[in-house]
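Participant: Position chain Z with the ligand against the provided structure of chain D, taking the given hints into account.
Those sequence lines, one after another, are chains D and Z.
When the letters of the first sequence are read in order and numbered with our numbering, they come out as residues 1 to 404.
When the letters of the second sequence are read in order and numbered with our numbering, they come out as residues 1 to 315.
Accuracy of the hints is not assured; some may be wrong.
[Claimed, not checked] Straight-line C-alpha distance at most 25 Å; calculated BS3-like pairs for lysine-lysine:
#1 D:K35 with D:K120
#2 Z:K4 with D:K351
#3 Z:K210 with Z:K220
#4 Z:K4 with D:K403
These aren't lab readings, by the way, just hints derived from the structure by calculation.
If you're wondering where the values come from, they're calculated on a predicted model, not measured in any experiment.
Residues per chain, in single letters:
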Amino acid sequence: MAHFTKATSVKDWLNQRLAIETVEKVMASEYWIPKNINFLWAMGMVLAITFSLLLVSGIFLLMYYQPDVKDAFYSVNYTIMRDVDYGWLWRHIHGVAASVVFLIIYIHMFTGIYYGSYKKGREMIWVSGMLLFVTFSAEAFSGYMLPWGQMSYWAGMVITNIFSLGGLHLDGLVEWIRGDYVPAQAFLTRFFMLHVLLLPLAIMGLIGLHFAALRIPHVNNQDGEEIDFEAESKKYLAGDTAGSKVIRFANDFMSKDLMVVGFFLIFFFYLVFFQYGFALDPVNFDPADGLKTPAHIYPEWYFLWSYEILRPFSVNIGLVAFGFAQVIFVLLPWLDRSPNAVPASRRGMFKVWFWVLLVDMIVLTAMGKLPPEGIFSTIGLVAALLFIVLWIALPFITKNEKKA
Amino acid sequence: MKNKEPLILVVVVAFTLLTYWLVEPYAHSVMHKHVESQNFAYADLKPLTKTGNAAAGKDLVMGAAACTGCHSIEKAGMPSAMDAVSAAASYGVNPPDLSNAGAIYDAKFLADVIVNPAHALKVEHKFDASKGKMHPMAPFAGAGGELEQEVADMVAYLQSIAVKPDQVTPKMAYENACGRCHSVSYEKWTQIGEKPAFKFEKDSLAFDIKVLEYQESLTKYMGKLPPDLSMYIRSRGEHFISTFIENPQAHLEGTAMPRVGVTADAAHKVIEYLEDAGDTKRHERASVGKMVLIFSVVFAIFALLWKKQVWKNLH
Ligand code: HEM
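The shape of chain Z in the complex, shown without the other chains:
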């Protein structure tokens, strides 16, 4: 009699794969909006036409443009004017330290955020100067020289003090670009910094209260508290997060989350940070997985040989 097993196997596998394809890839492609990555090219922003002069930029950043009035630049010895909680009370959110901004943010984006923050951050639906709704970061209108040149100078200055782009760590990228809004409790990150291990309960509670105060201002500013991102690498996945930070509006029209303007490299670092928080064991999973699969194949081969031996006398 002819052996039907190969045909049966093909039928079983075909129906299984069909069902899988329908309920997973196909159903999800229908349910979720598909947003293609633009590779962080920021094609809507004007390229810089002038070559910047870092020394001139330094004077502007510290002086006429008053960046340091709101932002700290610890690398240049400029501490923040207020602590995070008071800054949030004034601006809604604590303006990030600019020490490594030149390495983390795209140059075109930096130039645009200086002259028109609401535009660069894609939050013009919330902040419209003509209706008296000013963005908390005051736009730079020029210090008497040619505006484009001055902006290029400041960008050059920020790039000159920042670490080399390949030295940006995942933590650094995350804290700069996302940390002022999103906590990551599994990494002990709060919007006002990493929560230290306190010796006394009293100090720990005092810290928590500061976080709550900060979150209160942030909620008022954003309309809602930005979510804790600890497990977002598992709940949203890399593709969603990457295209979401590239342009939040493409996914969630009208959202209050700004486009943060990171470079493609910095976006990878942010993703890596989120993987370290929510998918900590991914390397172990890959290596253990390989060993277990090798073992399974060996086991199956021995099982096959045993079966052949037992059935020798049965045919």
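The shape of chain D in the complex, shown without the other chains:
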């Protein structure tokens, strides 16, 4: 049995029982971060903060929201927006954060791709990140159902319908997901459960996994330099903080994280109060009406690129392409055959691949929202084919890459 002595202070008392000093070292003061990183490495912290905003605002909304097809729209648009003090504020924070979190996720993902931060022991960071992306997507979709507006209803209808299309013909599955033939009470209640319980739990667990996956390989740096963390941290602890290539997570790196978070919050609150229309779609302020199909049905902006990969093809091919787009990012660490974990700018063809992929996904995003007519459907088709070709070409491009 461990030996306990009379505590000399509260800290000592806790330390004997929880080893807080060791924990503090492992997680903060001696969690070594490369010095040579830019503000893109603060996006992880920005995501953590945005998730906290979602969690807190969501808890407040949950106190008044009614998961009932008759009352849901009213509880959101009357009770929360008009009756409850500052209910509108929580709703705007929640809605805008749900949209902005995807902007930051995409920046975070493309940062990882650009700097090759998914290889050399960082594969689990990447995979856990992609799992976060998938659960966040499910979380956003289920949340979008809750106000039970026109877009909630019709997006729910169209997306769940995907399984019944073409060769899949899984009508039974669609019914099972909906709990009914059409989106109705059973559908709303189960998406409510997913949104406020199961998925947030999964996200919190996955964030834990993501952070754990970071601890051993450490984060990458902006020159892809291999750092001897042992030697550099000794240098730092010996007092040569300026000469060492590493810094403490806290307070060194944290102070920079917090600075970036500070600037992010100015942008975020500007959107919350003055520019929220992109996140709270106007069409969803019409109550759900199963008899009135809206003129244009489109998903939220962050789903548009994958939606557009489904749309320009015939049903069966579209479904295959859509499935491909959903899983392909997870496989990135294995499709990239080059051992170089350096910035794309030093990786020849991969540099081209990176920028073409980024632009292609923006084009897909735009075409996914525009009506699929005339020139837009042609551009959409070409962009979708390009997306597939890019991923098929990746192993070949990277296999012959020179050592950087």
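Facilitator: The following block gives chain Z with the ligand in isolation, referenced to the frame of chain D:
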């Protein structure tokens, strides 16, 4: 080594703005028909050429033109001939009270609605006298004098009894111009008036039944029940609503909703009423927003200073 952060920031911001522009302003400009506002000039209607005489107008309104046979004018002590539900059963909709019509409707529009309602209301696709489909508001064919003069007299009379245009309240504008067709449940407004707080459930239900009866007639008249407008300021936005009431046909060709002919000022009041219903907290949002942004800037400055202090020894 050179600091790449400014360049990275520019790249991130540029791609973000490009994506935003494509999926928001650009996509919406492609998806939605763009209708320019004509500033409620009603250029298709003839200007009034005669100067009206309110006293002569009064006699016509109460007498030969029989306006009060269908419309109440409470200000002039003329109550409605029937209650709203019976009026809707006869005409399809309850003809609005004309007490403040002179302040809410455009003068050219008033003149035109008196002689040719289907034309002024832009519902000639539904009502065509030559095919025997009469508009429920009977056109005024003249009382023996010069038609244009008589019409000008009636318009002058309606203007003389109405409140001053700057005294039109949002509620007054809405109830006159839209209230007979559109409920606004978040403001307790029904097509037959504001629903009072009843002491007994029985009375409340009796009121609801009257509303349902009214809506039944209205649905028959319009082809569908006009939507509840509680959240329309958020679902359609100010520009759409304003250009829609100016000329519904420009947005929805063949729609049964009439052009109501309000003045530009009255249209603003209608919008304000809808904002009070569906965007109640807009003033609070603006003022709280300003404070939060100031706080965020101060926070960012302190964060920046802290970072500088911590990193002093790291370079
Ligand atoms: C809300 C969800 C997420 C949170 C809270 C989060 C948080 C973090 C944090 C705090 C870091 C360390 C600091 C940094 O490099 O930014 C990090 C690193 C990383 N994340 Fe995430 N992340 C999330 C989602 C994702 C997603 C969707 C991906 C992409 C698949 C991803 C991939 C990575 C990678 C590759 C790194 C390592 C970067 C490096 O080594 O340089 N993360 N994440």
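Participant: If a hint holds in the structure, say so; if it doesn't, say that too.
Facilitator: Quick rundown of the hints versus the structure:
| no. | hint | result |
| --- | --- | --- |
| 1 | D:K35 with D:K120 | holds, 19 Å |
| 2 | Z:K4 with D:K351 | holds, 17 Å |
| 3 | Z:K210 with Z:K220 | holds, 16 Å |
| 4 | Z:K4 with D:K403 | holds, 24 Å |
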